[in-house]
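Protein chains in written order, with my numbering: chain A, 50 to 435; chain B, 50 to 435.
Quick caveat, the hints were computed from the structure, so don't treat them as lab data.
Treat the hints with care, since some could be wrong.
Copies of the same chain look alike in the list, so a pair counts if it fits in one copy or across any two.
As a list, the in silico DSS-like pairs of lysine-lysine whose alpha-carbon atoms are at most 25 angstroms apart [what the hints assert, rightly or not]:
#1 K269 <-> K131
#2 K54 <-> K75
#3 K269 <-> K156
#4 K279 <-> K383
#5 K368 <-> K329
#6 K434 <-> K383
#7 K75 <-> K368
#8 K269 <-> K424
#9 K279 <-> K142
#10 K337 <-> K97
#11 K229 <-> K54
Number of protein chains: 2
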Amino acid sequence: MFEQKRFLMIPGPTPVPESALLTLAKHPLPHRSPEFSEIFMACNAGLKKIAQTEEATPFIYAASGTGGMEAVLANLLNPGEKVLSVVNGVFSKRWADMASGFGAEVKRIEVESGKAVQPEEIEKILNDDLNKEIKLVLVTFSETSTGVGNPLKEITSIVRKHGALIAVDAITGLGAMPLKMDEWGVDVIVSGSQKGFMIPPGLSFVWAGPRALEKHKQSKFPRFYWDWSKSIKALENQTTAFTPNVSFIAALHNTLNLMLNEGVENIWQRHERLKQCTRKSIEAMGLKLFASDEDASAAITSIIPPNNVSVSDLRKKLKNDWEIVVADGQVDLKGKIFRIGHLGFVFDRDVLTALSAVSRVLEDLGHDTGTRWMKVYEETLKAHKS
Amino acid sequence: MFEQKRFLMIPGPTPVPESALLTLAKHPLPHRSPEFSEIFMACNAGLKKIAQTEEATPFIYAASGTGGMEAVLANLLNPGEKVLSVVNGVFSKRWADMASGFGAEVKRIEVESGKAVQPEEIEKILNDDLNKEIKLVLVTFSETSTGVGNPLKEITSIVRKHGALIAVDAITGLGAMPLKMDEWGVDVIVSGSQKGFMIPPGLSFVWAGPRALEKHKQSKFPRFYWDWSKSIKALENQTTAFTPNVSFIAALHNTLNLMLNEGVENIWQRHERLKQCTRKSIEAMGLKLFASDEDASAAITSIIPPNNVSVSDLRKKLKNDWEIVVADGQVDLKGKIFRIGHLGFVFDRDVLTALSAVSRVLEDLGHDTGTRWMKVYEETLKAHKS
Numbered sequence: 050m051f052e053q054k055r056f057l058m059i060p061g062p063t064p065v066p067e068s069a070l071l072t073l074a075k076h077p078l079p080h081r082s083p084e085f086s087e088i089f090m091a092c093n094a095g096l097k098k099i100a101q102t103e104e105a106t107p108f109i110y111a112a113s114g115t116g117g118m119e120a121v122l123a124n125l126l127n128p129g130e131k132v133l134s135v136v137n138g139v140f141s142k143r144w145a146d147m148a149s150g151f152g153a154e155v156k157r158i159e160v161e162s163g164k165a166v167q168p169e170e171i172e173k174i175l176n177d178d179l180n181k182e183i184k185l186v187l188v189t190f191s192e193t194s195t196g197v198g199n200p201l202k203e204i205t206s207i208v209r210k211h212g213a214l215i216a217v218d219a220i221t222g223l224g225a226m227p228l229k230m231d232e233w234g235v236d237v238i239v240s241g242s243q244k245g246f247m248i249p250p251g252l253s254f255v256w257a258g259p260r261a262l263e264k265h266k267q268s269k270f271p272r273f274y275w276d277w278s279k280s281i282k283a284l285e286n287q288t289t290a291f292t293p294n295v296s297f298i299a300a301l302h303n304t305l306n307l308m309l310n311e312g313v314e315n316i317w318q319r320h321e322r323l324k325q326c327t328r329k330s331i332e333a334m335g336l337k338l339f340a341s342d343e344d345a346s347a348a349i350t351s352i353i354p355p356n357n358v359s360v361s362d363l364r365k366k367l368k369n370d371w372e373i374v375v376a377d378g379q380v381d382l383k384g385k386i387f388r389i390g391h392l393g394f395v396f397d398r399d400v401l402t403a404l405s406a407v408s409r410v411l412e413d414l415g416h417d418t419g420t421r422w423m424k425v426y427e428e429t430l431k432a433h434k435s
Numbered sequence: 050m051f052e053q054k055r056f057l058m059i060p061g062p063t064p065v066p067e068s069a070l071l072t073l074a075k076h077p078l079p080h081r082s083p084e085f086s087e088i089f090m091a092c093n094a095g096l097k098k099i100a101q102t103e104e105a106t107p108f109i110y111a112a113s114g115t116g117g118m119e120a121v122l123a124n125l126l127n128p129g130e131k132v133l134s135v136v137n138g139v140f141s142k143r144w145a146d147m148a149s150g151f152g153a154e155v156k157r158i159e160v161e162s163g164k165a166v167q168p169e170e171i172e173k174i175l176n177d178d179l180n181k182e183i184k185l186v187l188v189t190f191s192e193t194s195t196g197v198g199n200p201l202k203e204i205t206s207i208v209r210k211h212g213a214l215i216a217v218d219a220i221t222g223l224g225a226m227p228l229k230m231d232e233w234g235v236d237v238i239v240s241g242s243q244k245g246f247m248i249p250p251g252l253s254f255v256w257a258g259p260r261a262l263e264k265h266k267q268s269k270f271p272r273f274y275w276d277w278s279k280s281i282k283a284l285e286n287q288t289t290a291f292t293p294n295v296s297f298i299a300a301l302h303n304t305l306n307l308m309l310n311e312g313v314e315n316i317w318q319r320h321e322r323l324k325q326c327t328r329k330s331i332e333a334m335g336l337k338l339f340a341s342d343e344d345a346s347a348a349i350t351s352i353i354p355p356n357n358v359s360v361s362d363l364r365k366k367l368k369n370d371w372e373i374v375v376a377d378g379q380v381d382l383k384g385k386i387f388r389i390g391h392l393g394f395v396f397d398r399d400v401l402t403a404l405s406a407v408s409r410v411l412e413d414l415g416h417d418t419g420t421r422w423m424k425v426y427e428e429t430l431k432a433h434k435s
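The shape of chain A in the complex, shown without the other chains (with noise of 0.2 angstroms):
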C-alpha cells in the first residue's frame, strides 16, 4: 500500500500535481479543434514567459529531452560545421556526441567533473577562431549527473561578442534558475516536461530566437519531424506539424497556468530557497557537497556520503524504510555520490521531510549527523523566506 507514498526526490521525473495528474486522465481531445487549438496557443504564450522571451518561437515536440536536443541540431547544423561544446558530465557529453554524430567538428571543452565552465576558457577559444568558423556553441545550463549549473549569462555575453549562435541545454535548469532569453541574447533553449514544468516525461521543448530561426534557413541537413519551419507553417493556423500529444499539452496548461500564477521570479527564489536548504543542512550533517556554491545548480544537489556509508544501502534505506527515491551517481560518479533532485512542484516540506529521512538512514547506517542540521534548516529558510 505505501508504494502510493512513494517521494520522488530525482531529477526528474518530478513530482506532478494533481491537477495536472487529472488532467491527464480526461478523455483526448481531437486535435485539429478550435478546444485544442486554444489550449495549444495558450501553452505557447506560457513557454515565452517562463523562458523571458517575446523574441523566440517555442517548439513543442512529443519526445524526450534528447530528441529536443537532437532537433536543435537538426535544425541548425550543415556537415562539416564548426561547434563548440562544453562537457562538464553526462548529459552535455551527450550533446557534443551527437554533434560529432550529425557530421559537425566539435571541439570539446573538458571540464573537470563537479566544476562549472570558466567562462574565460570559452572566450579565450571564440577570441583565437579569427575567421568565425565557430558556428554554434552548446551548454548545459544545468548538469543533471554533477548537480553543477554553468554561468549562463557570462558564457552568452562572450558568444553574442564572438558571433556565434548560443544553444542550451536547460532541460533540468528552466524553471529552476534565472534565464532570461531575450536580455541575454540566448538564441535556443531545450527544455523537458519531467523537470520543471511538472508533467511526466513524454514533451520538449525548444525555443528559437531569431538569429537561430534565420541559420536554419541555410541549415541543409534532412529533417522532418524536427522541422521548425513546419512548425512556424502550422502555427500559423494554430496548429502542429504533426499529431500532438493532446493529454500532454493539456496537462502542461494547466503547470503553466500554476507556474505563472506563482510567478517566474517567485519560482526562481523558492529553488535557491531549496537549493540552500539543502546544502546547508546537508553539510551540517557533516556531508560533503560534490559541487562548490558557485558552482551548484538550484535544481539537484549532489552529495558524497560519509567513508562507512555505501550510496546504494543509503538508497535502499530511504526507498525502504520511508518511500523516497534519490539518485545515484551516473557512470563513473555511480557509487560515489548520491543526488537529491529538488526541481519542480517541491516546496519547503518536502525538503524538510527528505533530508529527516536522509539523516534517519545515515544514523541508522552508522554516521551521526547529529540534530544541528535542522537548526540549520530553520535559519536556512528564514533567511530565504524574506
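Dock chain B against chain A, hints included.
Same frame as chain A, now just chain B:
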C-alpha cells in the same frame, strides 16, 4: 456540461478506456526502477504479439507516428539509395516526401485517390529492377486520408521475391486488420499509440525484423534519438536509451492487456464487423462509399455525402446536436468526403449510435435516409457475430 459526452469517431485520437485514463492519472514511476522495467518489458512482449512476431524487435518512441516513420528512414537509408513508395493519399505521400528529403532516390507509384494499389504494379517495377537497386519499399497499410487498405500480404510476398526490404506504415491499420509480420515476411512496421492501441497520441512504435536490423548496421545516416542500436543496447538492461514517457507506457501496459485478453484474431473480427455494419448501413441510407468493398480499410470508412448536403454542415450538426465528432476529408478531399473512424476502443453500440446520429442529421439536412438501414445494420451484425 454535455461536451463531456463528446465521442470521437475520428481516425485518432480514438476513444480511451477508463482503465487507461486512470493509469495516466497516477504519479509517474522513476524510469530507472525495477517496477518500470517490468512494465516496459511486458509492453515489448505485448507489442510483439499484436504484430504477430517473435523475430522482430519493438522500439517504443516518445513521438507521434510521423516520428516513427522518420525513425525507420533514419535507421535504414543511405543517401542516394533507391526507394519504391506507394502513394495513395496524404500519409503515404508524406512518407515518400520524407524519404526524398532524406536523400533517397524515390520512385513513386501514384494510385488514384480512394483506390488500393495493384500488387502487379509493384511487381512490374521490381521485376524491371534487374540490378536490385531498389533497397526499400514503403507502403501504407491503411491510408487514413481515404479509408483505403492496401493488400499487404500480396505486396510483401512480391517484395520478398525481389529482395528489397518492406517497411509498412501501419499507424492506423494495426489492430484493425490482419497483419502477420513473421508469417508474411514484413521487415518493418510503424504504428502509433492513439489508434488501435487505445491510448492518447504521444508514443510511436516501430518493429524491426532481422533483415532490417542487418541493413541498419550498414546505414550511415546520422541519428541518435531514433537509433535502434542504442535502444537494443538499453533493452539488454531492460530499459530505454532515453527518458521514456513512463505514464503512457504504463497506460499502454493496461491497453495491451485488454487487447491480448480479447485476442488478436477477435480484434480483427470485431473491426471487420464494425466496418461491414458501417458500410452496409451507410449504403442503405442512400449514400456512396468512397472506397470499394475490396479496397476498404477496417479502421475507417470514407463516405461521399448526398449532393444537397455539405460535409461542413453535417459535421457541425453531428457535433452540436449529438456530441459526435467525425472527420472531414483532407487536402483535395476536404468537403468531398466525411470519415467515420471505428478503430480501437469501439464496439457495436458505438457504431449504431454514430449511424443513428448520422441518419438524424441527414434527415434534418434534407436527405431522406429511410429506416431500412436499421434492418441492414441488424442483419450485418448478426452475419458477422457468428
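What hints, given by number in increasing order, does this structure fail? 6, 8, 10 and 11
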